[in-house]
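Q: These are the residues of each chain, in order.
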Amino acid sequence: MNATMADYLTFIASSKADSTKGTAPDENYARELMQLFSIGLYKLNDDGTKILDDNDLPTPIYTQEDVSQMARVFTGWALSSTNYDKPKNAKYENIQTYMHSYIMDIRSFNGGEFHDDGNKTILGETIDAGLSAEEDMDRAIEILMANSNIGPHVCRELINRLVTSNPTPEYMSDVVSIFNDNGSGEKGDLKATIREILTHWEARDTSSDTYGKVDEFMLLTTHYLSSLNVKALPVVYYTGTHSGVTTTMEDTYWFTPETQYYYQVPLEAPSVFNFYSPEYVPNDASFSDTGLVAPEFELRTYNGLIAFSNYIHFNLAQDRFVYEHVDTVLGANPTTFTNMTDWAENKSITQTNYQGLYINTTSIYKKFSMLVDGNESLEFKNLNAGTEQQGGEKALSDNGKEAVVKLINYLDNHFTGGIMPQEYKDKLVLHLYTTASSRNVIMRQATNIVGTAIKAIIMSPSYMVIK
Amino acid sequence: MNRRDFIKKMGLYAATISPIARIGGALGLAGAITSLSAQDFSDYKAIVIFDMDGGNDTMNMFPPTGTSYDTYKSIRTNLGVELYEKDENGEYTTEKIDLYSDDFYNVDTNQHFTASLGVDQPYFVPLDPKKPDVIDTEYGKEAMYIKGSYHTKKADGAKTGLGIHALMPEIASLYNKGVLSIVSNTGILIEPVTKAKIADKSVQIPEFLFSHGNQRELIATLQAGQAGNKSGWAGRLADNWQINNSLGLNISYGGNTKTFMGLSTSGLTMGTNGPTSYSSYHTMGDSFEELLKSFSEDPEDTNIFDKFTNKVNAKTAELSSDLATVWEDSPVFATKKYDEEEDYPDINNSYGDPLFTQYTGNEETRENLGIRTHHGLDKRIFEQLEATAKMIKVSQTEALSAKRQIFYVRQGGHDVHGNQVDSHSRLMRAISLGISDFYKALEAMGMEEDVLIISSSEFGRTMRNNGDGTDHGWGGHSFIVSGDPTFNGGKVYGDVLEDLGFEGINAYTNRARIIPTTATEQILAPALKWFGVTNNIMAEVLPNLENFRDPDNSENVESAFLQGVFS
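Chains as they are written, first to last, in our numbering: chain C, 72 to 538; chain W, -17 to 549.
Here chain C stands alone, though its shape is the one from the complex (with noise of 0.2 Å):
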């Protein structure tokens, strides 16, 4: 079993109970491992729907002393180490530093001297005496996979993260019957399930109204960059905050400085119930009036949501197309890079500056040329409105405005698949139309406009809401 699991849920060194010490096991892992990993809070039919007792109100499925009990099971375990007689723990031993692993599996220590073998009733299952660390906790998985809630608790959240936040309990059966059985007899293969959850015909109808979900910032983060073709620079890395060593990471996606603003930054989230409450409801008619959960939307704070977009635009504004042809062109920097090494080193990336990820929008600008001039050459020739290209305010011509139509075609196709409806794209058009005048100097004016075209995409339903 993973080690940094067994260490951050507190069950590593958690021994039998002691009455006189007056110790008992650590009973925080037990209670996820039910809660949160596999069978959830509240009886669930295969639909998905709770099951109500004589006063209509939801009931547990599992109690205190399931919970006591399962503790019971988590107990006697030990980092392994490379040296093998002294596994951390102050509590087995009153030693204070070790060499151990969270690389290889927790293992029983010394043989299972604290481990509580007693017989252990889980769940209304029973695990006989005598049995070692190892079989003990085999057995209490038999007993959870064994559970009738693990299919729907486990195939709500699949759904949740992958296609809509409420399904229907049609939609729940279908695939909590493949997870109980796959055809073949097997239950809890996900690939099957996997499979039914994307193909079933309700992933594919987004007729009804209250079909969907909203995307979290982290996955809509990822989703822009891989739109745009993200590569990682490499990242100078200070080891310890005043000893001046430094590593270089390659090949690694530095998010922290760019994600913290919007409270999400991976492996950073602020509890063992994740960033959000699956059970959210927001605080709108359509959604309380029918208790329907919208989870994601718990993140969409003031502060978060602003500064979601804000990360978009200085993300765009500091892109190699920007540099290489905007301060290039206004004179801030003549130089232009060839691989990525040079770049990075170059504009000094370390992972406290926001440069970590190379994005390149040089292909969109190219595009958004030939629709103004019919070549690449990205000099925008025909994009104003009268002869001078430099100086004073411009309105854009005929043939800007018919390019800017089309580049917004374009974007559209390009980041949500073309579904944005005519009338958003008729609003933001015209709002790109008085963006781009504001600026005297051609390429402000082409960065205006795409800048603001992807923003305004990226912050719009068409994006944002999974369908």
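Keep in mind that the hints are not guaranteed to be accurate.
[What the hints assert, rightly or not] In silico DMTMM-like cross-links for lysine to aspartate or glutamate, where the CA-CA straight-line distance does not exceed 25 Å:
{"no.": "1", "chain 1": "C", "residue 1": "Lys472", "chain 2": "W", "residue 2": "Asp268"}
{"no.": "2", "chain 1": "W", "residue 1": "Lys289", "chain 2": "C", "residue 2": "Glu273"}
{"no.": "3", "chain 1": "W", "residue 1": "Lys289", "chain 2": "C", "residue 2": "Glu339"}
{"no.": "4", "chain 1": "C", "residue 1": "Lys538", "chain 2": "W", "residue 2": "Glu425"}
{"no.": "5", "chain 1": "C", "residue 1": "Lys496", "chain 2": "W", "residue 2": "Asp280"}
{"no.": "6", "chain 1": "W", "residue 1": "Lys275", "chain 2": "W", "residue 2": "Glu300"}
{"no.": "7", "chain 1": "C", "residue 1": "Lys477", "chain 2": "W", "residue 2": "Asp268"}
{"no.": "8", "chain 1": "W", "residue 1": "Lys289", "chain 2": "C", "residue 2": "Asp360"}
{"no.": "9", "chain 1": "C", "residue 1": "Lys538", "chain 2": "W", "residue 2": "Asp90"}
{"no.": "10", "chain 1": "W", "residue 1": "Lys293", "chain 2": "C", "residue 2": "Asp286"}
{"no.": "11", "chain 1": "W", "residue 1": "Lys212", "chain 2": "C", "residue 2": "Asp497"}
{"no.": "12", "chain 1": "W", "residue 1": "Lys275", "chain 2": "C", "residue 2": "Asp355"}
{"no.": "13", "chain 1": "C", "residue 1": "Lys121", "chain 2": "W", "residue 2": "Asp52"}
{"no.": "14", "chain 1": "C", "residue 1": "Lys498", "chain 2": "W", "residue 2": "Asp283"}
{"no.": "15", "chain 1": "W", "residue 1": "Lys289", "chain 2": "C", "residue 2": "Asp124"}
{"no.": "16", "chain 1": "C", "residue 1": "Lys87", "chain 2": "W", "residue 2": "Asp397"}
{"no.": "17", "chain 1": "C", "residue 1": "Lys496", "chain 2": "W", "residue 2": "Glu272"}
{"no.": "18", "chain 1": "W", "residue 1": "Lys275", "chain 2": "C", "residue 2": "Asp286"}
{"no.": "19", "chain 1": "W", "residue 1": "Lys297", "chain 2": "C", "residue 2": "Asp355"}
{"no.": "20", "chain 1": "W", "residue 1": "Lys361", "chain 2": "C", "residue 2": "Glu339"}
{"no.": "21", "chain 1": "C", "residue 1": "Lys114", "chain 2": "W", "residue 2": "Glu199"}
{"no.": "22", "chain 1": "W", "residue 1": "Lys129", "chain 2": "W", "residue 2": "Glu430"}
{"no.": "23", "chain 1": "W", "residue 1": "Lys212", "chain 2": "C", "residue 2": "Glu494"}
{"no.": "24", "chain 1": "W", "residue 1": "Lys473", "chain 2": "W", "residue 2": "Asp52"}
{"no.": "25", "chain 1": "W", "residue 1": "Lys183", "chain 2": "C", "residue 2": "Asp124"}
{"no.": "26", "chain 1": "C", "residue 1": "Lys477", "chain 2": "W", "residue 2": "Glu199"}
{"no.": "27", "chain 1": "C", "residue 1": "Lys477", "chain 2": "W", "residue 2": "Glu279"}
{"no.": "28", "chain 1": "W", "residue 1": "Lys375", "chain 2": "W", "residue 2": "Glu430"}
{"no.": "29", "chain 1": "C", "residue 1": "Lys498", "chain 2": "W", "residue 2": "Asp280"}
{"no.": "30", "chain 1": "W", "residue 1": "Lys297", "chain 2": "C", "residue 2": "Asp497"}
[To be verified] Here are some chain W residues the structure puts well away from chain C; computed CB gaps all over 10 Å:
{"no.": "31", "residue": "Ala140"}
{"no.": "32", "residue": "Ala181"}
{"no.": "33", "residue": "Glu425"}
{"no.": "34", "residue": "Gly472"}
The set of hints was computed from the structure by calculation and includes no laboratory data.
Keep in mind it's a predicted model, so treat the numbers as computed, not measured.
For glycine and all other residues, C-beta sits at the position ideal for the given N, C-alpha and C.
Take the given structure of chain C and dock chain W to it, following the hints.
A: For chain W alone, kept in the frame of chain C given last:
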């Protein structure tokens, strides 16, 4: 969904929706009936929820000084705060720690603690962070953590039985000044319980005790014992009051909090650098905000996710423009941070530095502040409190004209299963300095009578010491701060327990988690009454409150309130 299912579902929320709001919220008519639920206040009041996330070991923050001391020390051993100073033989001397003694700590003319600079320091007073540290080995981290406490006293001079930890002289001075009170042994309860009644299951106790996620949800919602979706207590208040200005009732600087999630309101979560606004390209026409708003005017949109995305975009855009203007006029406190002129240059923190100065553990401040630490104090709580003070001030401007506000700040890191000496020392120092800075900011702005701070934590910690830390407990202590003359500060409320033993009447489970004797609702209720919450709305905001009525006075819901907190 048919009507029967609809009503059944509403039944789940029965305890939490007023008859008016139930109709309004459920049918989306909340806006139309604001004239019935909105509260019109002529004065300004604010509550600040000071959340200590992770379960603060308040047993050590306000350690016992009375009859339970010996048991406490024998269980807590190396993590037990000393009662008296020890002499060179390791023997207890007579009590030297006296809250009211002048030679004990210095106070300024406003009765606030000030760290004296340079000269003979009383034994654990935090030292001047600007000067080279002269801590000798006796002041090592471990010894510092258990050095002692300020023994709080009653009006007649007798000890209350609780102390204030040595690392919190600013809190002690606020107690002494009469603006801070402690509430002993509080926690999450559904109804009053005793150990015997829990054992024979004749009372309900909160579900999933000792689990962070669940207890954090319960302390935010105060709906222990109720199944179904829960809502935040302050969110329910906002649902009822339907505040009309663009800020609404609830503002968080501590991240998203369930406390503010109502059924029709969700509060504002803001960053501490001031309200952010949309960056955009220069335009001759409409702003980027206007463009986002215009998307929401598409009559063709029917999908609820599309519509709500647009709605949130539009609302954010609107607020963004409102706030950007007023924030420019917000008061400047810590010049180190802003390089601007302070608005209140004569008012400093207890070290003589500007208010809200951050001591983050760079070369200058390492190993200072009266505790050995390489890490200094986590700056985030200072940033949140400073932003709160600024927002309180700008909310008074005509553009915003707020009358009632609830703020939420959050200090993380209290889950001290290990390394408690280091972590908890720094947390307590930050609480003391931060609360003091905040109170002084209020005084500077002339608003100390209008704001009430109330502490919150999902649980206290176990009596049992696991070696270098403590585990999830149940009961813990709380504190309230207010300069309002009707608030009775300088007191200890609630039950100061005499028996803290493993086998005693207050210990639950074999780790000796202390059973609370006062529920969170009982402290919140008088504070909310001060805030202007009427009893019918109080019943929805605090649904379990009625379970704590005095059986001899059960007609009167106010018999459930903690008594005497306000005159």
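Q: Each hint should be assessed against the structure and marked as holding or not.
A: Outcome of the hint check:
{"no.": "1", "hint": "C/Lys472 - W/Asp268", "in the structure": "holds (18 Å)"}
{"no.": "2", "hint": "W/Lys289 - C/Glu273", "in the structure": "holds (21 Å)"}
{"no.": "3", "hint": "W/Lys289 - C/Glu339", "in the structure": "violated (30 Å)"}
{"no.": "4", "hint": "C/Lys538 - W/Glu425", "in the structure": "violated (54 Å)"}
{"no.": "5", "hint": "C/Lys496 - W/Asp280", "in the structure": "holds (11 Å)"}
{"no.": "6", "hint": "W/Lys275 - W/Glu300", "in the structure": "holds (8 Å)"}
{"no.": "7", "hint": "C/Lys477 - W/Asp268", "in the structure": "holds (22 Å)"}
{"no.": "8", "hint": "W/Lys289 - C/Asp360", "in the structure": "holds (15 Å)"}
{"no.": "9", "hint": "C/Lys538 - W/Asp90", "in the structure": "violated (64 Å)"}
{"no.": "10", "hint": "W/Lys293 - C/Asp286", "in the structure": "holds (16 Å)"}
{"no.": "11", "hint": "W/Lys212 - C/Asp497", "in the structure": "violated (42 Å)"}
{"no.": "12", "hint": "W/Lys275 - C/Asp355", "in the structure": "holds (17 Å)"}
{"no.": "13", "hint": "C/Lys121 - W/Asp52", "in the structure": "violated (51 Å)"}
{"no.": "14", "hint": "C/Lys498 - W/Asp283", "in the structure": "holds (15 Å)"}
{"no.": "15", "hint": "W/Lys289 - C/Asp124", "in the structure": "violated (36 Å)"}
{"no.": "16", "hint": "C/Lys87 - W/Asp397", "in the structure": "holds (23 Å)"}
{"no.": "17", "hint": "C/Lys496 - W/Glu272", "in the structure": "holds (15 Å)"}
{"no.": "18", "hint": "W/Lys275 - C/Asp286", "in the structure": "holds (20 Å)"}
{"no.": "19", "hint": "W/Lys297 - C/Asp355", "in the structure": "holds (13 Å)"}
{"no.": "20", "hint": "W/Lys361 - C/Glu339", "in the structure": "holds (19 Å)"}
{"no.": "21", "hint": "C/Lys114 - W/Glu199", "in the structure": "holds (20 Å)"}
{"no.": "22", "hint": "W/Lys129 - W/Glu430", "in the structure": "violated (32 Å)"}
{"no.": "23", "hint": "W/Lys212 - C/Glu494", "in the structure": "violated (39 Å)"}
{"no.": "24", "hint": "W/Lys473 - W/Asp52", "in the structure": "holds (23 Å)"}
{"no.": "25", "hint": "W/Lys183 - C/Asp124", "in the structure": "holds (20 Å)"}
{"no.": "26", "hint": "C/Lys477 - W/Glu199", "in the structure": "violated (51 Å)"}
{"no.": "27", "hint": "C/Lys477 - W/Glu279", "in the structure": "holds (23 Å)"}
{"no.": "28", "hint": "W/Lys375 - W/Glu430", "in the structure": "holds (12 Å)"}
{"no.": "29", "hint": "C/Lys498 - W/Asp280", "in the structure": "holds (10 Å)"}
{"no.": "30", "hint": "W/Lys297 - C/Asp497", "in the structure": "holds (22 Å)"}
{"no.": "31", "hint": "Ala140", "in the structure": "holds (33 Å)"}
{"no.": "32", "hint": "Ala181", "in the structure": "holds (14 Å)"}
{"no.": "33", "hint": "Glu425", "in the structure": "holds (29 Å)"}
{"no.": "34", "hint": "Gly472", "in the structure": "holds (36 Å)"}
Hints 3, 4, 9, 11, 13, 15, 22, 23 and 26 from the list above are not met by this structure, while the remaining hints are.
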